[in-house]
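Asker: Build out the structure end to end from the sequences listed, making use of the hints.
Every letter in the sequence shown is one number past the one before it in the UniProt record's numbering, and letter 7, counting from 1, is 7.
Simulated from the structure, these hints should not be mistaken for lab results. Among the hints, erroneous ones may be present.
Claimed, not checked - Calculated cross-link-like contacts (lysine-lysine; reagent style DSSO-like; alpha-carbon spacing at most 30 Å):
| hint | residue 1 | residue 2 |
| --- | --- | --- |
| 1 | 284 | 294 |
| 2 | 372 | 16 |
| 3 | 318 | 351 |
| 4 | 16 | 167 |
| 5 | 17 | 2 |
| 6 | 430 | 290 |
To be verified - With beta-carbon atoms standing in for the labels, derived distance ranges:
| hint | residue 1 | residue 2 | range |
| --- | --- | --- | --- |
| 7 | 9 | 226 | 20 to 28 Å |
| 8 | 70 | 199 | 46 to 54 Å |
| 9 | 142 | 94 | 27 to 35 Å |
| 10 | 377 | 335 | 38 to 46 Å |
By construction, the Cβ of each residue, glycine as well, lies at the ideal position given by its N, Cα and C atoms.
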Amino acid sequence: MKYAQIDSNLFVKNRKKFTAQMRPKSIAVFNSNDIYPIGADSTLPFEQDRDIFYLSGADQEETILLLFPDAMDPKHREILFVRETNDHIAVWEGAKLTKEKATEVSGIETVYWLTDFDKIFFDLMTEADTIYFNTNEHYRQAVETQTREDRFIEKCKKEYPAHQWAKSNPILQNIRGVKEPEEIKLMQTACDITEKGFRRVLEFVKPGVWEHEIEAEFLHEFIRNRSKGFAYSPIIASGNNANVLHYLENNQQVQDGDMILLDLAAEYANYSSDMTRTIPANGKFTDRQKEVYKAVLRVKDEATKMLVPGTIWAEYHKEVGKLMTSELIGLSLLDKADVQNENPDWPAYKKYFMHGTSHHIGLNTHDYGELKKPMKANMVFTVEPGIYIPAEGMGIRLEDDVVIQEKGEPFNLMRNIPIEIEEIEELMNK
1 MKYAQIDSNL FVKNRKKFTA QMRPKSIAVF NSNDIYPIGA DSTLPFEQDR DIFYLSGADQ
61 EETILLLFPD AMDPKHREIL FVRETNDHIA VWEGAKLTKE KATEVSGIET VYWLTDFDKI
121 FFDLMTEADT IYFNTNEHYR QAVETQTRED RFIEKCKKEY PAHQWAKSNP ILQNIRGVKE
181 PEEIKLMQTA CDITEKGFRR VLEFVKPGVW EHEIEAEFLH EFIRNRSKGF AYSPIIASGN
241 NANVLHYLEN NQQVQDGDMI LLDLAAEYAN YSSDMTRTIP ANGKFTDRQK EVYKAVLRVK
301 DEATKMLVPG TIWAEYHKEV GKLMTSELIG LSLLDKADVQ NENPDWPAYK KYFMHGTSHH
361 IGLNTHDYGE LKKPMKANMV FTVEPGIYIP AEGMGIRLED DVVIQEKGEP FNLMRNIPIE
421 IEEIEELMNK
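Answerer: Given below as C-alpha coordinates:
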(Lines of atoms letter the chains of each structure in order from A and count residues from 1; the text may use other names and numbers.)
(Lines give C-alpha, C1' and ligand atoms only; values in the text may rest on other atoms or scores of the structure.)
Protein backbone atom coordinates (compact mmCIF):
# COMPACT_ATOMS: atom_id res chain seq x y z
CA MET A 1 0.00 0.00 0.00
CA LYS A 2 1.18 3.52 -0.71
CA TYR A 3 -0.04 4.95 2.61
CA ALA A 4 1.83 4.82 5.90
CA GLN A 5 0.63 2.01 8.18
CA ILE A 6 -2.27 3.07 10.42
CA ASP A 7 -2.00 2.55 14.18
CA SER A 8 -3.98 -0.60 14.98
CA ASN A 9 -5.52 1.09 18.04
CA LEU A 10 -8.01 2.71 15.66
CA PHE A 11 -9.32 -0.69 14.58
CA VAL A 12 -9.34 -1.99 18.15
CA LYS A 13 -11.58 0.95 19.13
CA ASN A 14 -13.83 0.42 16.13
CA ARG A 15 -14.36 -3.25 16.97
CA LYS A 16 -15.18 -2.41 20.58
CA LYS A 17 -17.84 0.05 19.40
CA PHE A 18 -19.36 -2.59 17.13
CA THR A 19 -19.36 -5.49 19.59
CA ALA A 20 -20.86 -3.29 22.33
CA GLN A 21 -24.08 -3.22 20.27
CA MET A 22 -24.24 -6.93 19.42
CA ARG A 23 -26.86 -9.26 20.91
CA PRO A 24 -25.79 -11.92 23.43
CA LYS A 25 -24.41 -15.14 21.91
CA SER A 26 -24.07 -13.63 18.44
CA ILE A 27 -21.44 -13.77 15.71
CA ALA A 28 -20.72 -11.07 13.13
CA VAL A 29 -18.84 -11.87 9.91
CA PHE A 30 -17.32 -9.43 7.42
CA ASN A 31 -15.90 -10.40 4.04
CA SER A 32 -13.40 -8.64 1.80
CA ASN A 33 -14.42 -7.58 -1.67
CA ASP A 34 -13.86 -9.73 -4.73
CA ILE A 35 -11.32 -8.83 -7.37
CA TYR A 36 -13.58 -8.02 -10.30
CA PRO A 37 -12.79 -9.30 -13.83
CA ILE A 38 -12.64 -7.18 -16.97
CA GLY A 39 -12.11 -10.00 -19.46
CA ALA A 40 -9.43 -12.51 -20.45
CA ASP A 41 -6.95 -12.45 -17.53
CA SER A 42 -7.50 -8.77 -16.70
CA THR A 43 -9.03 -7.45 -13.50
CA LEU A 44 -9.90 -4.12 -11.94
CA PRO A 45 -7.52 -2.91 -9.22
CA PHE A 46 -8.54 -4.35 -5.86
CA GLU A 47 -10.57 -2.12 -3.56
CA GLN A 48 -11.18 -3.37 -0.04
CA ASP A 49 -14.69 -3.50 1.40
CA ARG A 50 -14.82 -0.47 3.66
CA ASP A 51 -16.53 -2.26 6.56
CA ILE A 52 -13.90 -4.95 7.04
CA PHE A 53 -11.22 -2.28 6.63
CA TYR A 54 -12.92 -0.07 9.24
CA LEU A 55 -12.95 -2.94 11.73
CA SER A 56 -9.59 -4.57 11.01
CA GLY A 57 -7.34 -2.46 8.78
CA ALA A 58 -6.82 -5.52 6.59
CA ASP A 59 -6.42 -4.17 3.06
CA GLN A 60 -6.16 -7.46 1.20
CA GLU A 61 -8.43 -9.72 -0.85
CA GLU A 62 -9.73 -13.08 0.44
CA THR A 63 -9.97 -11.92 4.05
CA ILE A 64 -12.70 -12.60 6.63
CA LEU A 65 -13.22 -10.96 10.03
CA LEU A 66 -15.23 -12.84 12.68
CA LEU A 67 -16.42 -11.20 15.91
CA PHE A 68 -17.91 -13.36 18.70
CA PRO A 69 -17.73 -11.54 22.07
CA ASP A 70 -19.32 -14.46 23.97
CA ALA A 71 -17.12 -17.23 22.56
CA MET A 72 -16.25 -19.80 25.22
CA ASP A 73 -12.60 -19.72 24.19
CA PRO A 74 -11.33 -16.14 24.68
CA LYS A 75 -8.98 -16.42 21.69
CA HIS A 76 -12.01 -16.88 19.42
CA ARG A 77 -13.73 -13.62 20.40
CA GLU A 78 -12.16 -11.95 17.40
CA ILE A 79 -10.51 -13.77 14.54
CA LEU A 80 -8.99 -12.66 11.25
CA PHE A 81 -8.76 -15.18 8.41
CA VAL A 82 -6.28 -14.35 5.64
CA ARG A 83 -5.12 -16.02 2.46
CA GLU A 84 -2.17 -18.31 3.08
CA THR A 85 0.91 -16.90 1.43
CA ASN A 86 3.92 -18.72 0.01
CA ASP A 87 7.09 -18.08 -2.00
CA HIS A 88 5.29 -18.51 -5.33
CA ILE A 89 2.67 -15.86 -4.46
CA ALA A 90 5.41 -13.54 -3.18
CA VAL A 91 7.24 -13.76 -6.53
CA TRP A 92 4.21 -13.33 -8.79
CA GLU A 93 1.96 -11.01 -6.76
CA GLY A 94 4.13 -9.56 -4.02
CA ALA A 95 4.12 -10.20 -0.31
CA LYS A 96 0.77 -10.91 1.38
CA LEU A 97 -0.10 -10.62 5.04
CA THR A 98 1.64 -13.15 7.24
CA LYS A 99 -0.13 -14.08 10.45
CA GLU A 100 2.28 -11.88 12.38
CA LYS A 101 1.79 -8.90 10.07
CA ALA A 102 -1.99 -9.36 10.15
CA THR A 103 -1.87 -9.07 13.95
CA GLU A 104 0.33 -5.98 13.73
CA VAL A 105 -2.03 -4.28 11.26
CA SER A 106 -5.30 -5.20 12.97
CA GLY A 107 -4.54 -5.65 16.66
CA ILE A 108 -6.21 -9.09 16.43
CA GLU A 109 -4.19 -11.78 18.17
CA THR A 110 -5.89 -14.81 16.59
CA VAL A 111 -5.17 -15.14 12.89
CA TYR A 112 -5.90 -18.25 10.83
CA TRP A 113 -5.50 -19.12 7.17
CA LEU A 114 -8.66 -18.75 5.15
CA THR A 115 -8.73 -22.51 4.44
CA ASP A 116 -9.54 -23.06 8.13
CA PHE A 117 -12.64 -20.84 8.09
CA ASP A 118 -15.40 -23.40 7.44
CA LYS A 119 -14.25 -25.76 10.21
CA ILE A 120 -13.79 -23.03 12.82
CA PHE A 121 -16.98 -21.23 11.83
CA PHE A 122 -19.02 -24.43 12.21
CA ASP A 123 -17.62 -25.00 15.70
CA LEU A 124 -18.36 -21.43 16.80
CA MET A 125 -21.87 -21.48 15.34
CA THR A 126 -22.71 -24.33 17.71
CA GLU A 127 -22.17 -21.81 20.55
CA ALA A 128 -24.11 -18.96 18.92
CA ASP A 129 -27.81 -18.16 18.53
CA THR A 130 -27.56 -15.23 16.09
CA ILE A 131 -25.49 -14.40 13.01
CA TYR A 132 -25.04 -10.78 11.90
CA PHE A 133 -25.05 -10.36 8.12
CA ASN A 134 -23.36 -7.35 6.54
CA THR A 135 -25.78 -6.12 3.88
CA ASN A 136 -25.39 -2.86 1.95
CA GLU A 137 -28.25 -0.57 3.01
CA HIS A 138 -26.78 2.76 1.95
CA TYR A 139 -29.54 5.10 0.82
CA ARG A 140 -27.88 5.54 -2.60
CA GLN A 141 -26.78 1.97 -3.27
CA ALA A 142 -27.79 0.39 -6.58
CA VAL A 143 -25.71 -2.79 -6.66
CA GLU A 144 -26.56 -5.47 -9.23
CA THR A 145 -23.42 -7.62 -8.92
CA GLN A 146 -23.44 -10.48 -6.42
CA THR A 147 -20.69 -9.77 -3.93
CA ARG A 148 -18.55 -12.07 -1.82
CA GLU A 149 -20.71 -10.97 1.13
CA ASP A 150 -23.89 -11.92 -0.75
CA ARG A 151 -22.55 -15.39 -1.47
CA PHE A 152 -21.59 -15.90 2.17
CA ILE A 153 -25.06 -14.86 3.36
CA GLU A 154 -26.73 -17.21 0.87
CA LYS A 155 -24.52 -20.13 1.94
CA CYS A 156 -24.96 -19.38 5.64
CA LYS A 157 -28.75 -19.26 5.47
CA LYS A 158 -28.75 -22.63 3.74
CA GLU A 159 -26.32 -24.33 6.13
CA TYR A 160 -27.54 -22.76 9.40
CA PRO A 161 -31.32 -22.34 9.01
CA ALA A 162 -32.04 -22.62 12.75
CA HIS A 163 -30.01 -19.56 13.70
CA GLN A 164 -31.52 -16.10 14.04
CA TRP A 165 -30.37 -13.42 11.61
CA ALA A 166 -29.48 -9.83 12.45
CA LYS A 167 -28.18 -6.84 10.49
CA SER A 168 -24.75 -5.29 10.92
CA ASN A 169 -25.68 -2.23 8.91
CA PRO A 170 -27.60 -0.26 11.58
CA ILE A 171 -24.63 -0.58 13.93
CA LEU A 172 -22.21 0.48 11.21
CA GLN A 173 -24.40 3.45 10.24
CA ASN A 174 -24.31 4.53 13.88
CA ILE A 175 -20.59 4.15 14.55
CA ARG A 176 -19.02 4.93 11.16
CA GLY A 177 -20.81 8.27 10.96
CA VAL A 178 -18.92 9.64 13.99
CA LYS A 179 -15.21 9.77 13.26
CA GLU A 180 -12.35 9.00 15.60
CA PRO A 181 -9.47 11.53 15.81
CA GLU A 182 -7.25 9.16 13.82
CA GLU A 183 -9.81 9.09 11.02
CA ILE A 184 -10.08 12.86 10.89
CA LYS A 185 -6.30 13.07 10.66
CA LEU A 186 -6.31 10.68 7.67
CA MET A 187 -9.06 12.71 6.01
CA GLN A 188 -7.05 15.87 6.62
CA THR A 189 -4.15 14.22 4.80
CA ALA A 190 -6.45 13.44 1.85
CA CYS A 191 -7.60 17.07 1.81
CA ASP A 192 -4.01 18.32 1.97
CA ILE A 193 -3.09 16.17 -1.04
CA THR A 194 -6.13 17.57 -2.85
CA GLU A 195 -4.89 21.09 -2.08
CA LYS A 196 -1.51 20.31 -3.66
CA GLY A 197 -3.23 19.11 -6.81
CA PHE A 198 -5.46 22.19 -7.00
CA ARG A 199 -2.58 24.61 -6.55
CA ARG A 200 -0.66 22.79 -9.30
CA VAL A 201 -3.63 23.07 -11.66
CA LEU A 202 -4.14 26.79 -11.00
CA GLU A 203 -0.70 27.38 -12.53
CA PHE A 204 -1.38 25.00 -15.43
CA VAL A 205 -4.82 26.02 -16.69
CA LYS A 206 -5.19 28.39 -19.63
CA PRO A 207 -7.42 28.57 -22.70
CA GLY A 208 -6.63 25.75 -25.12
CA VAL A 209 -5.78 23.03 -22.60
CA TRP A 210 -7.94 19.93 -22.60
CA GLU A 211 -10.05 18.68 -19.72
CA HIS A 212 -8.16 15.37 -19.66
CA GLU A 213 -4.86 17.23 -19.40
CA ILE A 214 -6.14 18.90 -16.24
CA GLU A 215 -7.15 15.45 -14.96
CA ALA A 216 -3.61 14.21 -15.57
CA GLU A 217 -2.10 17.10 -13.60
CA PHE A 218 -4.23 16.25 -10.58
CA LEU A 219 -3.48 12.52 -10.82
CA HIS A 220 0.26 13.15 -11.00
CA GLU A 221 0.20 15.25 -7.84
CA PHE A 222 -2.05 12.81 -5.98
CA ILE A 223 0.06 9.73 -6.67
CA ARG A 224 3.35 11.45 -5.91
CA ASN A 225 1.89 12.20 -2.45
CA ARG A 226 1.08 8.54 -1.64
CA SER A 227 -2.55 8.54 -2.74
CA LYS A 228 -3.91 5.79 -5.00
CA GLY A 229 -5.51 8.59 -6.99
CA PHE A 230 -9.01 10.02 -7.19
CA ALA A 231 -11.46 9.28 -4.38
CA TYR A 232 -14.23 9.10 -7.01
CA SER A 233 -14.57 9.58 -10.76
CA PRO A 234 -13.29 13.11 -11.48
CA ILE A 235 -15.49 15.79 -13.03
CA ILE A 236 -13.58 18.37 -15.08
CA ALA A 237 -16.33 20.31 -16.80
CA SER A 238 -15.57 23.39 -18.87
CA GLY A 239 -18.23 25.77 -20.15
CA ASN A 240 -21.68 24.27 -20.49
CA ASN A 241 -20.39 20.83 -19.47
CA ALA A 242 -20.66 22.11 -15.90
CA ASN A 243 -24.44 21.86 -16.22
CA VAL A 244 -24.18 18.08 -16.44
CA LEU A 245 -23.99 17.15 -12.77
CA HIS A 246 -22.01 13.95 -13.28
CA TYR A 247 -20.05 14.87 -16.39
CA LEU A 248 -17.26 12.28 -16.66
CA GLU A 249 -16.02 12.42 -20.26
CA ASN A 250 -13.38 15.08 -19.58
CA ASN A 251 -12.59 15.22 -23.29
CA GLN A 252 -13.27 18.82 -24.37
CA GLN A 253 -10.87 21.67 -25.07
CA VAL A 254 -11.14 24.63 -22.71
CA GLN A 255 -12.19 27.87 -24.40
CA ASP A 256 -11.30 31.45 -23.52
CA GLY A 257 -14.09 32.87 -21.33
CA ASP A 258 -15.13 29.44 -20.01
CA MET A 259 -15.27 28.57 -16.37
CA ILE A 260 -14.12 25.08 -15.38
CA LEU A 261 -15.97 23.17 -12.67
CA LEU A 262 -13.55 20.81 -10.90
CA ASP A 263 -15.30 18.21 -8.73
CA LEU A 264 -12.54 15.82 -7.73
CA ALA A 265 -10.36 14.95 -4.79
CA ALA A 266 -7.72 12.55 -3.50
CA GLU A 267 -8.13 9.49 -1.33
CA TYR A 268 -5.60 8.54 1.31
CA ALA A 269 -5.49 5.21 3.15
CA ASN A 270 -8.98 4.47 1.70
CA TYR A 271 -10.39 7.68 3.23
CA SER A 272 -12.00 10.14 0.82
CA SER A 273 -11.89 13.85 0.42
CA ASP A 274 -14.45 15.61 -1.79
CA MET A 275 -13.74 19.04 -3.26
CA THR A 276 -15.37 21.26 -5.86
CA ARG A 277 -13.92 24.51 -7.17
CA THR A 278 -14.92 26.54 -10.20
CA ILE A 279 -12.23 28.62 -11.90
CA PRO A 280 -11.96 30.92 -14.95
CA ALA A 281 -10.03 29.40 -17.85
CA ASN A 282 -8.22 32.65 -18.60
CA GLY A 283 -7.53 33.54 -14.98
CA LYS A 284 -10.09 36.35 -14.71
CA PHE A 285 -13.76 36.11 -13.74
CA THR A 286 -16.21 38.29 -15.66
CA ASP A 287 -18.54 40.52 -13.65
CA ARG A 288 -21.46 38.12 -14.15
CA GLN A 289 -19.34 35.11 -13.22
CA LYS A 290 -18.24 36.92 -10.05
CA GLU A 291 -21.83 37.76 -9.21
CA VAL A 292 -23.00 34.15 -9.42
CA TYR A 293 -19.84 32.80 -7.78
CA LYS A 294 -20.25 35.07 -4.76
CA ALA A 295 -23.87 33.98 -4.40
CA VAL A 296 -22.83 30.32 -4.28
CA LEU A 297 -20.05 31.09 -1.82
CA ARG A 298 -22.43 32.94 0.49
CA VAL A 299 -24.82 29.99 0.51
CA LYS A 300 -21.94 27.62 1.27
CA ASP A 301 -20.67 29.76 4.13
CA GLU A 302 -24.11 30.19 5.71
CA ALA A 303 -25.01 26.53 5.23
CA THR A 304 -21.77 25.49 6.94
CA LYS A 305 -22.74 27.41 10.07
CA MET A 306 -25.89 25.28 10.38
CA LEU A 307 -23.91 22.04 10.73
CA VAL A 308 -23.94 21.78 14.52
CA PRO A 309 -24.95 19.03 16.96
CA GLY A 310 -28.71 18.56 16.98
CA THR A 311 -29.34 19.62 13.38
CA ILE A 312 -31.66 17.33 11.39
CA TRP A 313 -30.40 16.62 7.87
CA ALA A 314 -33.78 17.03 6.11
CA GLU A 315 -34.57 20.29 7.92
CA TYR A 316 -31.10 21.59 7.17
CA HIS A 317 -31.70 21.11 3.44
CA LYS A 318 -34.94 23.08 3.66
CA GLU A 319 -33.11 25.98 5.28
CA VAL A 320 -30.40 25.88 2.63
CA GLY A 321 -33.16 26.04 0.02
CA LYS A 322 -34.36 29.29 1.56
CA LEU A 323 -30.86 30.75 1.38
CA MET A 324 -30.55 29.74 -2.25
CA THR A 325 -33.98 31.15 -3.11
CA SER A 326 -32.94 34.55 -1.77
CA GLU A 327 -29.70 34.50 -3.78
CA LEU A 328 -31.47 33.48 -7.00
CA ILE A 329 -33.90 36.37 -6.62
CA GLY A 330 -30.92 38.67 -6.16
CA LEU A 331 -29.43 37.32 -9.40
CA SER A 332 -32.74 37.95 -11.25
CA LEU A 333 -33.03 34.23 -11.99
CA LEU A 334 -36.21 33.98 -9.89
CA ASP A 335 -38.82 36.53 -8.91
CA LYS A 336 -41.25 36.59 -6.01
CA ALA A 337 -44.05 35.25 -8.20
CA ASP A 338 -41.97 32.16 -9.00
CA VAL A 339 -41.62 31.50 -5.30
CA GLN A 340 -45.26 32.22 -4.44
CA ASN A 341 -46.45 29.82 -7.15
CA GLU A 342 -43.87 27.09 -6.55
CA ASN A 343 -44.64 23.40 -6.12
CA PRO A 344 -43.79 22.55 -2.50
CA ASP A 345 -42.45 19.17 -3.65
CA TRP A 346 -40.12 20.85 -6.16
CA PRO A 347 -39.41 24.41 -4.99
CA ALA A 348 -38.58 27.10 -7.52
CA TYR A 349 -34.90 27.22 -6.57
CA LYS A 350 -34.43 23.63 -7.81
CA LYS A 351 -34.54 24.89 -11.40
CA TYR A 352 -31.01 26.18 -10.77
CA PHE A 353 -29.89 24.05 -7.78
CA MET A 354 -31.33 20.56 -8.09
CA HIS A 355 -29.08 18.42 -5.87
CA GLY A 356 -28.49 18.09 -2.14
CA THR A 357 -26.08 20.24 -0.17
CA SER A 358 -24.39 17.80 2.21
CA HIS A 359 -23.59 14.13 2.70
CA HIS A 360 -21.47 12.13 5.12
CA ILE A 361 -17.91 11.51 3.97
CA GLY A 362 -15.26 9.11 5.24
CA LEU A 363 -14.18 5.68 4.01
CA ASN A 364 -16.78 6.13 1.28
CA THR A 365 -17.22 9.42 -0.53
CA HIS A 366 -20.94 9.10 0.21
CA ASP A 367 -20.27 7.55 3.58
CA TYR A 368 -22.34 5.64 6.07
CA GLY A 369 -23.90 7.73 8.82
CA GLU A 370 -27.32 8.26 10.32
CA LEU A 371 -29.38 10.86 8.47
CA LYS A 372 -32.71 10.74 10.30
CA LYS A 373 -31.26 11.39 13.75
CA PRO A 374 -29.71 14.65 15.05
CA MET A 375 -26.18 15.41 13.91
CA LYS A 376 -23.34 14.74 16.36
CA ALA A 377 -19.89 16.15 16.97
CA ASN A 378 -17.14 14.56 14.83
CA MET A 379 -19.46 13.73 11.98
CA VAL A 380 -17.86 14.89 8.72
CA PHE A 381 -20.04 16.39 5.99
CA THR A 382 -19.55 17.98 2.61
CA VAL A 383 -21.10 21.39 1.91
CA GLU A 384 -21.66 21.79 -1.83
CA PRO A 385 -24.22 24.29 -3.15
CA GLY A 386 -24.27 25.19 -6.83
CA ILE A 387 -26.04 27.36 -9.36
CA TYR A 388 -26.47 26.02 -12.91
CA ILE A 389 -27.51 28.33 -15.75
CA PRO A 390 -27.42 26.49 -19.10
CA ALA A 391 -28.75 29.57 -20.92
CA GLU A 392 -25.59 31.42 -19.89
CA GLY A 393 -23.24 28.45 -20.40
CA MET A 394 -22.41 28.60 -16.73
CA GLY A 395 -22.38 26.16 -13.84
CA ILE A 396 -20.75 26.99 -10.50
CA ARG A 397 -20.41 24.63 -7.55
CA LEU A 398 -18.22 25.06 -4.47
CA GLU A 399 -17.55 22.31 -1.94
CA ASP A 400 -15.61 21.79 1.27
CA ASP A 401 -15.44 18.98 3.84
CA VAL A 402 -16.15 20.01 7.44
CA VAL A 403 -16.10 18.36 10.87
CA ILE A 404 -18.95 19.11 13.28
CA GLN A 405 -17.65 20.44 16.62
CA GLU A 406 -19.07 20.09 20.13
CA LYS A 407 -19.63 23.85 20.13
CA GLY A 408 -19.41 26.53 17.47
CA GLU A 409 -18.95 26.31 13.73
CA PRO A 410 -17.57 23.22 12.00
CA PHE A 411 -13.84 22.79 11.40
CA ASN A 412 -13.07 23.06 7.68
CA LEU A 413 -10.66 20.36 6.50
CA MET A 414 -10.27 22.37 3.25
CA ARG A 415 -9.63 25.72 4.90
CA ASN A 416 -6.28 26.04 3.06
CA ILE A 417 -7.61 25.30 -0.43
CA PRO A 418 -8.09 28.60 -2.32
CA ILE A 419 -11.72 29.57 -2.81
CA GLU A 420 -11.92 33.37 -2.71
CA ILE A 421 -12.05 35.07 -6.13
CA GLU A 422 -9.05 37.31 -5.45
CA GLU A 423 -6.78 34.45 -4.37
CA ILE A 424 -7.74 32.26 -7.33
CA GLU A 425 -7.09 35.08 -9.81
CA GLU A 426 -3.78 35.93 -8.17
CA LEU A 427 -2.53 32.34 -8.27
CA MET A 428 -3.64 31.89 -11.89
CA ASN A 429 -1.81 35.03 -12.99
CA LYS A 430 1.51 34.64 -11.16
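Asker: So which hints don't hold here, by number, going up?
Answerer: none
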